[in-house]
Amino acid sequence: MAVVTALPPPVESDDQLLARFAAGQRDALEELFRRYRLLAYRVAFRLLGHEADALDAVQEAFIKALTHLDGFQGRSSFKTWLLRVVSNAALDLGRQRSRRDMVSLDAPTGDHRDSVQPLEFHDPARGLERADLRRLLEQALATLSEAQRRTFVLHADAGLNYREVAEVLGISIGTVMSRLFYARQKLRAYLTRRTQP
Amino acid sequence: MMHEHEDWQPTPEQLVAFADGELDADRALAVARWLAIHPKAAAEVDAHIELTELWRDTLPPDPTESAWYAARLRVQRRRQVVRVRRIAGTLRSRVAAAAMVAAAGILAVALVGRMRVPPVVSADRTNDPYPVVSGSDVEITSISPADDRALVVGMSPAREPFVPARGPDVLVNRVYPDSDGQVATVRISLDKDSVPIAWPVLRRDRDR
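Heads up: the protein sequence lines correspond to chains A and B, in order. Oh and the first sequence: position 132 is 132 in the working numbering, straight run, nothing missing. Oh and the second sequence: position 32 is 32 in the working numbering, straight run, nothing missing.
These aren't lab readings, by the way, just hints derived from the structure by calculation. Fair warning: there could be bad hints in the mix.
Stated by the list, open to error - Here are the computed lysine to aspartate or glutamate pairs in the EDC-like style, where the Cα-Cα straight-line distance is at most 16 Å:
1. A/186 - A/164
2. A/79 - A/12
3. A/186 - B/13
4. A/79 - A/31
5. A/79 - A/164
6. A/79 - A/15
7. A/79 - A/14
8. A/186 - B/62
9. A/186 - B/26
With the rest of the complex left out, here is chain A (with noise of 0.2 Å):
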């Protein structure tokens, strides 16, 4: 008896659905936006620290990247290149957020330093909600410059290698290296100033 085994679909790379949405086929658009939302919303939700201001960010991210295509093309994969704009576009409407209502993430509201209970940094899950955690994250990561802020997002949330984020930043490893090695520094500094009792 013969048996028949149906064989996966191959899967199209970037370039090929690119080519296909440059053709007005629609499904190759929604692909490529399944494909990278989420690595996307991940990113601009660390940057913004709110849910409908990610997805406002991730939509024009996505309209930006597809309306200027040329702007990537044969210089970087359309990952980073997508990853950089979405970048650019929560940092813009992070500030014209903070014009809007004056709310600034640098100085964390009283509310949140009294509601925030003492985190044991060795043992992160242990008397703190994740969501509790996440602000405070949140909290330590509004205190770093923007370039640091933007460097160990993309590397911490978006999962990029050094090179990659080195290639979305137009910068050295050198200088992603020792970004990180700052932020790190600095996310450590206020983590443990918080969580001592």
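Since the structure of chain A is provided, determine the placement of chain B on it from the hints.
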């Protein structure tokens, strides 16, 4: 195999790169050997790894599938509008060129025949910050039913050129949700010299 000098020690940046698994095999081995006899530095590396794990353990919750669907739909609609604007821009350029040719022709006839030249209105209104195309400028060959609300077709409600207001000129009292429960977030730049001042972005009402 890399042979490090006895008094060699990794830089702090290299220790972080080691924690991230970003060093090449030889360099990573050298750092690992060095850390074996420097427990204080090894504890630092452990703390870096712990911070990374903590960070990845607190990734934001993923948006719902319906939120993704709405976001993708908005991307498609905006893309559709951009394409229509590009088509309109091309057509406007052609209309402007045609108008210039016509004007040149009329001028030539006037000069040759010494007749009085009627005033010619140029179609190239480059000073108009929000150009409006007429119905004859756009030919819609096909459109998805999901995108039909992204287009406004018909006569322009204003005959005069659009004059953009500035931040201090506008006071937003209230924004009502549309039939889908979407609310426009009206962002107003307070810089009095900036134009445009309002950029409405549809989004779900976060307070509901």
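Hint-by-hint comparison with the structure:
no., hint, in the structure
1, A/186 - A/164, "violated (23 Å)"
2, A/79 - A/12, "holds (14 Å)"
3, A/186 - B/13, "holds (14 Å)"
4, A/79 - A/31, "holds (13 Å)"
5, A/79 - A/164, "holds (10 Å)"
6, A/79 - A/15, "holds (11 Å)"
7, A/79 - A/14, "holds (9 Å)"
8, A/186 - B/62, "violated (27 Å)"
9, A/186 - B/26, "violated (29 Å)"
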